[in-house]
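**Q** Chains B and R, in that order, give the protein sequences. Note that the numbering used here has the first sequence beginning at 1, numbered continuously upward. Note that the numbering used here has the second sequence beginning at 1001, numbered continuously upward.
If you are wondering where the hints come from, they were derived from the structure by calculation, not from laboratory data. Glycine included, every Cβ here is placed at the ideal spot set by N, Cα and C. Incorrect hints may have been included.
Once the Cα atoms are required to be at most 16 Å apart in a straight line, the calculated EDC-like pairs of lysine to aspartate or glutamate come out as [stated by the list, open to error]:
#1 K38(B) to E1014(R)
#2 K1093(R) to D119(B)
#3 K1021(R) to E205(B)
#4 K108(B) to D1085(R)
#5 K260(B) to E243(B)
Counterexamples of contact, computed for chain R against chain B with all Cβ distances above 10 Å [claimed, not checked]:
#6 S1012
#7 S1045
#8 E1063
#9 R1070
#10 T1081
#11 E1084
#12 A1111
#13 A1116
#14 R1123
Below are the chains, spelled out letter by letter.
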Amino acid sequence: MMTLIDRTATTARYLSQRPAERLRIGVTPHQVVFRQNKATLRYFPSTHPQGQQHTPIFVSMPLINKWEVWDLLPGRSVMEDLTAAGVPVYLLDWGTPGPEDQAVTLGKLVDDLLVRMFDRARRHAGQALDAVGYCVGGTFLAVHLSRHESARRVAFVCTPIDFHASGRLAVWAQPSCFPVDAAIDGFGNYPGRVIREAFSWLRPEGQTRKWVGLWEKIEDPEFRDLWAALEKWNTDAVDFPGEAYREYVKRCYFENTLLKHVGDPGVWMLDGKPVDLQNAKIEAHSIAADRDHIVPPAAAHALAETWGGAVTTKTVKGGHVAIAANGVISKSLLEWIRR
Amino acid sequence: MSDTSPDLSKLSGELYRQWEKGMAQWWDQVLESPAFLSGMGQSLSGQAQARANYEQAVDQTLEQLHIPSRKDFIRLTRVATMLEDKLLSLEDKLLTLGDQLAAQERETLLARVESAEARIEAREQLAALQARLDALEGKAPAAVSAAASTEPAEQKGRARRGKEESA
């Protein structure tokens, strides 16, 4: 048992070593099969002793974070779990946009980039794919699948569909208090550091809890590594392409258009074509976390009200990011894959 | 001051939880208040404007010094990105053409296989017919000699019937 002073000193010593900087995340073996601009298609082959056991999956990660949140550490990796179960994974890493990408539109991402990425993944796999979307990567995937027949079926993990049910984020992202036009006109791309700060202020007590948690479990090397891995991932924020962000905020947060259908007033016209999730006819599965303060279950499971195909839902225990690190996403996805 | 003192440890834990709960409630009020929201929006606009002004000033300075500015680099990289996109669109078309060619090749191949199979079947039928013909030809000499032995009697019979009819 450590004394309070010892514990504090050990924590201070540990932090002074800058553990997050020394740690490597995203180390599950994989290869890059395709690149376009900053986006990369990463292929994680099956590591099952008998090779591929299930249909390969295509994963659309969020644009606002690095993909490594699904591959934090050995033993704490969704990629590792899926490939070990015989599921080859094609992961879309959207990359870090530069100033030259501020004119990239949402239509370009959904109707062009995603189409090409799916095409290359399907060619590489030599068969049809299942799709998985996480957070806003899932939102874009939903829009894409309502316009293109790219996958056999789809699972959405913590994916916002009813944006007005997004808790505090929905309160903040209102036209009266969020000057998205001024922000994009000034910044170009929407800065990742602003998004990160906004997320951390969604639950300010979470910031103190983070440090207290480390202090309490400083003796546990596994916890320390996970803490450092999450810290590294969290500080590595990614900018959002400006024009795409403008469209995303206006149509999703301001107007909540994913719940609207063709014929409804204010339906979202993306590149001259309406966005109507009812046009998607494939089977969908929505996974949400009960303590998710970014995408609460109500915001995610609204998929059932608007999706054209059959929808099943599952609520798991945990938070938005925690479920990636504690094996809950892997378990839920494998249940869905084996269905 | 040791963790082995359960009372102190419990007390400090409880104190922290109470403080955290109080702070969370206070933050809940602050973070959703109109004043905070308005301030946040203004701060964001201000930051964005400051950033735009700074970049404009840097660009102007670089232009005056005849040094390529950030804008120039952005323009160049944008052109490169567009070129890449065009090349990839061409690659898409080539891949689609390749798919179509492969599909046609598959169809042609299937047609050729079917035709070859039909020819093999016809050849087999011909061979079977030939074999039957050969078998028939083998039986033919015996049938001819048998026919020859019965022919004179038949001829005699036919001649007799003719005479009777004429009488």
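**Q** A separate judgement is required for each hint: does it hold in the structure or not?
**A** These are the hints, each one checked on the structure:
no., hint, result
1, K38(B) to E1014(R), "49 Å, violated"
2, K1093(R) to D119(B), "12 Å, holds"
3, K1021(R) to E205(B), "8 Å, holds"
4, K108(B) to D1085(R), "11 Å, holds"
5, K260(B) to E243(B), "22 Å, violated"
6, S1012, "8 Å, violated"
7, S1045, "4 Å, violated"
8, E1063, "17 Å, holds"
9, R1070, "7 Å, violated"
10, T1081, "5 Å, violated"
11, E1084, "6 Å, violated"
12, A1111, "25 Å, holds"
13, A1116, "28 Å, holds"
14, R1123, "38 Å, holds"
Figure legend: structure checked against the earlier numbered hints; hints not met, in rising order: 1, 5, 6, 7, 9, 10, 11.
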